[in-house]
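K.L.:
Residues per chain are reported as follows:
2 protein chains.
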Amino acid sequence: MAVYTEVSDEALRAFLADYPLGELVAFRGIAEGVENSNFALKTTQGEYILTLYEKRVDPGDLPYFLGLMQHLAGQGLACPQPVPAHDGQALRQLAGRPGAICTFLPGVWPRRVRPQHCAPLGDALAQLHAAGQDFAGRRPNALGPQGWAPLLQACRAEGDTVQPGLIAELDAELAAILAAWPAAGSLPQGQIHADLFPDNVFFLDDAAGQPRVSGVIDFYFACTDLLAYDVAVCLNAWCFESDHSFNVTKARALLAAYQARRPLSQAERAALPVLCRGAALRFLLTRLYDWTSTPAGALVTRKDPLEYLRKLRFFARAEGPGALGC
Amino acid sequence: MAVYTEVSDEALRAFLADYPLGELVAFRGIAEGVENSNFALKTTQGEYILTLYEKRVDPGDLPYFLGLMQHLAGQGLACPQPVPAHDGQALRQLAGRPGAICTFLPGVWPRRVRPQHCAPLGDALAQLHAAGQDFAGRRPNALGPQGWAPLLQACRAEGDTVQPGLIAELDAELAAILAAWPAAGSLPQGQIHADLFPDNVFFLDDAAGQPRVSGVIDFYFACTDLLAYDVAVCLNAWCFESDHSFNVTKARALLAAYQARRPLSQAERAALPVLCRGAALRFLLTRLYDWTSTPAGALVTRKDPLEYLRKLRFFARAEGPGALGC
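Protein chains in written order, with the numbering used here: chain E, 781 to 1106; chain L, 781 to 1106.
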């Protein structure tokens, strides 16, 4: 639930005057997205989303994010397309913050993931990876393997208050994951979303009542990394049930649809368990960091880090890619 | 910023099947409104707001609120119009809560009130009062004068932690206000909004660039009470500057436009200072209650009760209605 920055109506009107979007019709804060302030913006030209970038986003990364969205939308991916102002620039300033207007996407994100969501998701992910292949921008994954040791270090003092023995377990996991991590250059790289959770994928039903992806949003963790790591993030985010069990039917649907568009190499398949383990560790560590550094009951809802400890243990024990539906 | 209840996509689709609204196109939580969960809902028929009523709203009051909105919209007031389902009922259940779909209103609420907003506001308020005259529903004002002593009592233990001596000052204020409060039946009564703050009034510019009211929302404090008390709430909410000074130009514009549609009687004008003082006390007390019963940094942003102590003192010293622009 996020509107951190208020925008006065005069400032908004002055901002909009720089765009070929007609007159302001409506403007409402959106209670979705955690990092930035988002507003539904309606003008006489259509519907848009205005995003103001808050302090957790590095302004130096914004040209990459907006350029990637522009590129992917140009390749036909249903993702927000940045709208350039009269001067050709999509990245501008409003209320003292960097801001951008993007096209609005229809659809609803699945509060409860069903197996029928997973094939269209896998297909959209492969489409995203293909569409990103000829994008020239590069952004290292700040929350990739090199970032995990410093994150774990930042959680060291308070981590065991969440669960006794947690830090020792994570030290051992991190060492094992880094030892087994694919060597640089050994797997295909490209532009990855890196945060493709259910609240970042909109669906609409087709005429037969089957969900189809109508939009992929929130590219503010996107980076240049192993394509199969994005698959591993999705297996973490979409394929566990609320009782913490792994739903291999969902995983198979996701992977089959992905591979129909971009088959995983033998090396990618072999690496999938450690990539999943690393992705589980990544979300565990950022949640643990937020948990231990955010007061109970604070404005931003904290997400339970132990959900990802269970996933981490599952992937650590998984016997090969077959156990993951691959 | 409010989405307290999540709605699964299956539950939403099943809910929508009971309405003549076509197919679901988009569904996003709205970061506005504090008491209830609000969602922007788009269907193949148009745009709507879905509200789920949370625990601070008494379900027994919902027929009054929805009936009043239906009535006012029918009289031509730009307010949300409840949409009946196929069975004719506008009040239904979703995700275990009472819920209703209302029409969407265009416009933007003024983050910074300008004098130009105040005449259209006064006109809309008088229109609301006139439109409510033949509405048969009745709801006592739970936050009217009878409610202030219990509220103050609930703040007694911790109130002075906000400012030393605060409770003694409020005891004296409450006694003075109740002693001077208009006797029952001495002033015109009717349906009042009772919470007409700037975030509850949408504006759009007309062709000459002047703001016009495009919507009045959030009737969940509406009740049957003195019409002039609603004017007093607006003088509190719209006519002070951020430096806490009273802007009599704004008050004059508000009052003149109101009186162009419904002139205040001599008795109402004479009562205006004490009504303003009572309204200031009412918002001070609810803010003080929330402040002392909500932990610092909690999910709901706390509003500063002392802003209303300054307003209360201003109105306590005001020498007659002329000092208020009346």
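No lab work stands behind these hints, which were simulated from the structure alone. Bear in mind the structure is a predicted one, so any value in this text is a computation, not a measurement. Don't take every hint at face value.
Pairs involving identical chains hold if they fit within one copy or between any two copies, as the list cannot separate such chains.
[What the hints assert, rightly or not] In silico SDA-like links for lysine to any residue, alpha-carbon gap of 25 Å or less:
#1 Lys1083 to Glu815
#2 Lys835 to Leu958
#3 Lys835 to Asp940
#4 Lys835 to Leu857
#5 Lys1083 to Ala1050
#6 Lys1083 to Thr785
#7 Lys835 to Gln825
K.L.:
As a check of your reading, is Lys1083 near Ala1050 (CA-CA no more than 25 Å) within one copy, between copies, both or neither?
P.N.:
neither (30 Å within a copy, 55 Å between copies)
K.L.:
Checking Lys1083 and Thr785: alpha-carbon separation at most 25 Å within a copy, between copies, both or neither?
P.N.:
both (23 Å within a copy, 16 Å between copies)
K.L.:
Please work out whether the CA atoms of Lys835 and Leu958 approach to 25 Å or closer within one copy, between two copies, in both situations, or in neither?
P.N.:
neither (30 Å within a copy, 49 Å between copies)
K.L.:
Classify it for me, Lys835 with Asp940: is the Cα-Cα distance of at most 25 Å met within a copy, between copies, both or neither?
P.N.:
neither (28 Å within a copy, 36 Å between copies)
K.L.:
Given a CA cutoff of 25 Å, do Lys835 and Leu857 count as a within-copy pair, a between-copy pair, both, or neither?
P.N.:
So Lys835 and Leu857 fail the 25 Å test inside a copy (28 Å) and across (42 Å) alike.
K.L.:
Quick one: Lys835 to Gln825, C-alpha cut-off 25 Å, is that within a copy, between copies, both, or neither?
P.N.:
For Lys835 and Gln825, neither the intra-copy (31 Å) nor the inter-copy (39 Å) Cα distance is at most 25 Å.
K.L.:
My question is about Lys1083 and Glu815: at a cut-off of 25 Å on alpha-carbon distance, are they close within one copy, between copies, both, or neither?
P.N.:
Answer is both; intra-copy 14 Å and inter-copy 23 Å each pass.
Of the numbered hints given earlier, the model fails hints 2, 3, 4, 5 and 7; all others are met.
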